[in-house]
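J.: Here's the letter readout for the chains.
2 protein chains.
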Amino acid sequence: MARNTQVAADHNAPPITQLLAKFVATHPSRGWNDAVDHEAHRTLVNWVGCAVGAADHESARAALAGMKMLQPAPQSSILGRADKVDMASAALVNGITSHTFDFDDTHLKTVIHPAGPVASALLALAETNGASGRELIDALVLGVDVECRIGNCMYPDHYDRGWHITGSTGSLGAAAACARLMKLDEQHTAWALGIAASQPIGMREQFGTMTKPFHPGGAARAGLTSALLAKNGFTASARAIEAPRGYCQVVSTKNDWNEITGELGQRFEISFNTYKPFACGIVIHPAIDAATQLRAQGVTAENVERVELRVHPLVLELTGKKEPQDGLQAKFSVYHGFAAGLIFGQAGERQYDDEIVTRADMVALRRKVIATMDDSIAEASADVTAILRDGRKVHLFVEHAIGSVERPMSDAALGDKFHSLCDPVIGKAKADALIAACWKVASAKDVRGIAEGARP
Amino acid sequence: MARNTQVAADHNAPPITQLLAKFVATHPSRGWNDAVDHEAHRTLVNWVGCAVGAADHESARAALAGMKMLQPAPQSSILGRADKVDMASAALVNGITSHTFDFDDTHLKTVIHPAGPVASALLALAETNGASGRELIDALVLGVDVECRIGNCMYPDHYDRGWHITGSTGSLGAAAACARLMKLDEQHTAWALGIAASQPIGMREQFGTMTKPFHPGGAARAGLTSALLAKNGFTASARAIEAPRGYCQVVSTKNDWNEITGELGQRFEISFNTYKPFACGIVIHPAIDAATQLRAQGVTAENVERVELRVHPLVLELTGKKEPQDGLQAKFSVYHGFAAGLIFGQAGERQYDDEIVTRADMVALRRKVIATMDDSIAEASADVTAILRDGRKVHLFVEHAIGSVERPMSDAALGDKFHSLCDPVIGKAKADALIAACWKVASAKDVRGIAEGARP
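Protein sequence lines, in the order shown, are assigned to chains A and B. FYI, the numbering for the first sequence is 1280 to 1735, going by the working numbering. FYI, the numbering for the second sequence is 1280 to 1735, going by the working numbering.
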């Protein structure tokens, strides 16, 4: 139709849907190096910890109550709860809980949180269909690859336009992963991708509400059910992803197809996955890291007169809330994050409890922090000067925060994070067994060690 | 964020989400005139007929087989089948079947097919929660109003960009309708709309595949489950629809808010709903109508030498397939539609069977039709000249085809269409009872007369 479309259609896109379907359906099991395989396990550990940790959050309870109105069959587990529901609802709820604390993994190039959609769909499906742990890890690597490559293709325009890229690419990642886990052939995998391509989920306006974590959950459900339809012969366009009126061109004005096709099967995007040491948006992490380093050098809330914090403008645009009133607002406050880092040496979910946010020493310390925008500071960095009561100045520059690709969390630190999330929900002994089941899942004949091991 | 967004954000949108939530939650039962209420019944009749008619189509079987993998509880009926599944899956499958033949209703200003998302969600929910027929009709009017007003706001840019507007606005219509049926208050209705706003479904690239009818089905499921979540306290942004990074501004570059707010509660978009007399895209209807009129004047396939058909360019762009090979291709052939109208006097689903499409007299007649694009002819019109073997010319100009707002199908004609769809599936006697149940649903204490009455 010749009316006023905003962007010229690209009629010459490569056959992305078919290429990805072939890749997902035929790439060999463990067709990558040990580092990739290990990163997949780290991704799984971090995702399970986040999901278990938020299992009794009010958003989880509300979502579960809604899905129970469908009188679901007890197919698959809600991590960290005694409940079992149908696998589509389990995918939804685990996707919600894993993102509820904003503590999940991040593919920094696209700000996608890869595991929420993909792992949530996969575990629910694997628990029902009896897939092996090896098959789960294979599907996780491939699903995350599809999800993040499509994100790379469209980022940043797609995100800038307002899409919550985790949910909007997550349906495709989850569909790819589930198609793989069910051993669908190329044609059926292409249909699964095609059906999922009609279901991008999530806008950024929802940030700060329960619908933000709904996005990875909804994407997990959409991807899983797309694969179920495709398995039974439900068809979709063979060019659903790349056609002029297909997914990518409808939801993004920038599409660099090479980001999808380049080094496909050789470079795996899960290699670039990162895990948050702090329970808040990634842009705050350099400031928190700086605070914990100042603390290690003897700077305290008592002996500090004021703090001069220079950050990229985006940091204050997204997280400039100076006087947060509760935990949710504090997630959008670089001031709170810094104060938590200095007073507690950490910024886990506990440090975002309402009673911590309103504590007098936290309020006082936040007020001592003067944050300024500085274009010369990268988004990943922070420049901090603490002026002490005795007149001394302590200066720190954090180029890359702990948890970045450049300074990854160690497996041990991931374990500490896992326990901080899981122990309050299932107890330390069960958490020990659960994380062990995650690390060795690839040799497990099924995934019950994870699904059932997370039950309180 | 200050990167290259394509269109300036509108920060001054009226509070659309709140206005619509208040409207849906508080507008009086039957708060409109009799003509509106009757149109709602016509919408219901047409939707039931279409859903029953396609109940055993391969797309219905594939979708149902997929959803049965969830081991659904037998909550709600699949129209035209013995199956009962959970209400979300019933909404999905009935939404698919009602659009499978492209024979459902059309809101011509936006090309939305309103009932697919809204009625499919509503009947599934009403069957489970025991709502009355009056409540069903109220919710249908309000849900369609929300859906079509949002469509009016964004059309045509949103559609031109590639969105299948039925699915992309349908999630919101279905959520509004289900919130009303569950008697949610303003706050919870706003959340239902908000959660649905994160789930626009469907791109036009899918036309010609099963994923096209998936769109209204997926929207029905998304809207229904959004309302279930909201009922249980799941929150969403209070400006989910209108904010700069909310639904409308993310999926459309044109947003005329007055289309949503103007005469809200006074003008009802369901008034402008239309029903197809012919089982194909609306742009073909003027040509088919012309053919049936020529037939009534004695023009036949045998005595016609050639046909000169002048149509709006869009008609040939969308339906210019001259030599369709099967029923699906024939749906995109104005030539086939014209030939069916002249030979059979109708173009129902039967006239799109493969064996009709390939019949020698149909092939021969299609080849006699010379169609040309003419900018001076409106999309709703067709200009036809039949040149007969004896040299006579018969000229006809159809300004508005039968089935348009200007020339609506009569209730009796809707009944004939209903029977043509339902009789082969459930038999004439049951179809008689079923359509009677639809016409008098507003006085029924529940909706079992429809849900159970459609069982073969």
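Read the hints as simulated data drawn from the structure, not as lab findings. Among the hints, erroneous ones may be present.
As the list claims (entries may be wrong) - Derived coverage of chain B by chain A (criterion: at least 3 residues anywhere in the stretch with Cβ under 8 Å from a Cβ of chain A; other residues may be distant): (1) 1633-1647; (2) 1651-1659; (3) 1709-1721.
To be verified - Derived DSS-like pairs (lysine-lysine); straight-line CA-CA distance at most 27 Å: (4) A:1347 <-> B:1533; (5) B:1533 <-> A:1533; (6) B:1347 <-> A:1724; (7) B:1301 <-> A:1363; (8) B:1533 <-> A:1363; (9) B:1719 <-> B:1533.
Note that the coordinates shown come from a computational prediction; the quantities given were computed from them, not determined experimentally. The beta carbon of each residue, even a glycine, is placed where N, CA and C say it ideally should be.
J.: Evaluate each hint against the coordinates.
T.: Cross-check of the supplied hints:
1. 1633-1647: violated (count 0)
2. 1651-1659: Contact hint for the stretch 1651-1659 of chain B vs chain A: violated, 0 residues under 8 Å.
3. 1709-1721: violated (count 0)
4. A:1347 <-> B:1533: Violated - the C-alpha atoms of residue 1533 of chain B and residue 1347 of chain A are around 39 Å apart, more than 27 Å.
5. B:1533 <-> A:1533: At roughly 19 Å apart (the allowed maximum being 27 Å), residue 1533 of chain A and residue 1533 of chain B satisfy the hint.
6. B:1347 <-> A:1724: holds, 26 Å
7. B:1301 <-> A:1363: Measuring from Cα to Cα gives roughly 36 Å; hence the hint is violated.
8. B:1533 <-> A:1363: violated, 44 Å
9. B:1719 <-> B:1533: violated, 40 Å
In summary, the numbered hints that this structure violates are 1, 2, 3, 4, 7, 8, 9.
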